[in-house]
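Build the full structure now, drawing on both the sequences and the hints.
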Amino acid sequence: MSKETRTDIDGALRPSVLIVDDVEANLVALEALLESVPCEVVRASSGNEALRQLLRRPYAVMLLDVQMPDMDGFEVARYARENSSTSDVPIIFITAMHETPENVLRGYSTGAFDFLFKPINSDVLRSKVEVFLDLHQSRKRLKDEIEAHRATLAELEAFNYSVSHDLRAPLRPLDGFSQALLDDYGDRLDERGVDYLKRIRAAAQRMGMLIEDLLELSRVSRAELHRQPVDLSTIVSSIVTELREGDPAREVEVVVAPDVRVQGDPRLLRIALENLVRNAWKFTNKRPQARLEFGRSDGNVPGGTPEEPTYFIRDNGVGFDPTFAGKMFQPFQRLHKVTDFEGTGIGLAIVSRIVRRHDGRIWAESGPDRGATFFFTLPATARWTG
Amino acid sequence: MAGRILLVEDNEDDVALTLRALEKNRLHNAVEIVRDGQEALDLLFRRGAYASRTAADLPELILLDLKVPRVDGLEVLRQIRASPITQFLPVVVLTSSSQERDVVQSYQLGANSYVQKPVDFDDFIEATRQLGMYWLVLNKLPPAP
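For the protein sequence lines, the chains are A and B, in the order given.
Okay, so the first sequence: first residue is 1 according to our numbering, each after it adds one.
Okay, so the second sequence: first residue is 1001 according to our numbering, each after it adds one.
Check each hint, because a few of them may be wrong.
Facing chain B, a subset of chain A residues (Cβ under 8 Å, in silico) [claimed, not checked]:
#	residue
1	Pro173
2	Gln205
3	Gly208
Looking from chain A toward chain B, a few residues come up when the C-beta cut is under 7 Å (computed) [as the list claims (entries may be wrong)]:
#	residue
4	Arg172
5	Asp175
6	Gly176
7	Gln179
Hint data in this document are derived by calculation from the structure and do not stem from the laboratory.
For glycine and all other residues, C-beta sits at the position ideal for the given N, C-alpha and C.
This is the structure we're talking about:
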């Protein structure tokens, strides 16, 4: 019964087909019918043996005789479905009964199945088996591809992390010794010399911020998503409070809609809101009457749909050229000069990645000097609270 | 010369910068530097070149980099906490890593603080000042064994 596992010319393992029947003659006949099908046939002469075989290797399909002593085919199927490692093996029941027993089928919520009626037509058998072989192959291919992508992604993230990390180390002496020169030898330098050293420091610190933001981007991409109820209004208010404390001279009118609650990861959503609110705070700093608003609008939003709630952060700051509205969610895209507004150009990429990890969308609306509004959706909300 | 602060650091730039930051806070006279984890352990446990030390020579604060040669920082920390002589010594992990795994492991092994060295030197001076103030002035240790 256990032949050497044959391989195709290209060396790939042939998919396995398990045939289960208590009558030896039926097994021989089935195997003969499958002779021309490119697969490895494994026999089992009882339900128990079939279940044992299923645990040994993945099967593309199991041909299962329904009428067997001790354990009938439906019982075998039920046991197979209960075990997570065998639950998705497709089953073709072979039966002499010409009615489909509906009550039996209802129990099989997972995995594909089909019926073959005795006497078996060889063409029908082969074509049904081939369908499952194809399914098995494409599933395996998909699984391999996903696995490969996942591995590449993990490698890239790890690489990104360690590169960012090692890149930061040389910045400390660059900044530190420039400062030391300014402190200890500043009186021997003319204005230009002092200016040069200050530029070195500024550049080192800027690169430090860039790396910090890149690390943050990498962290939010890798972090596990822990969904729970989150009150966005409270988060926005606390961010505003922090901003006010850090910048007491600024007068900004802030309107936060109360009780905007969603389902999401509180830590990641806080990072996203922090970036959006800080942006609004930053880009209104040349306005005598700066205004910042957070809220939820249901429908009637350009770019939104009536079905999903849309959240927004609006400011009356300098705005941006709408031509570049799509570009600014990519890392390192800046729509303003560094000298006008500081920043690394990574913040919105972080926001966008967090929103996408919640299966949401983000977009923005503006015109030069018309303020900016950032909209985002968190569709998981509707699904989770529904 | 034994110091009140033991700095475990192999990167010469970081040694110079840390000394400078301590100097800015008038703590530099009290620093002793070792360049790898093995030497740190020898000093603390009075072995090898440090055999003639006494218990009175133990530092009051250890600034520990995680990526040091021979014996890495986490292992140094583990051995410090495992010995009755050194178990209560304040250990501040002072490192460039912000990797979550490093932070968690350090605290699991009993680090008192975890400080990521900032790029901005002014921030580093401030961090050093606070560390010195807290661990050398305010903090109270149990009586020596």
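Indices of hints not satisfied (ascending): none
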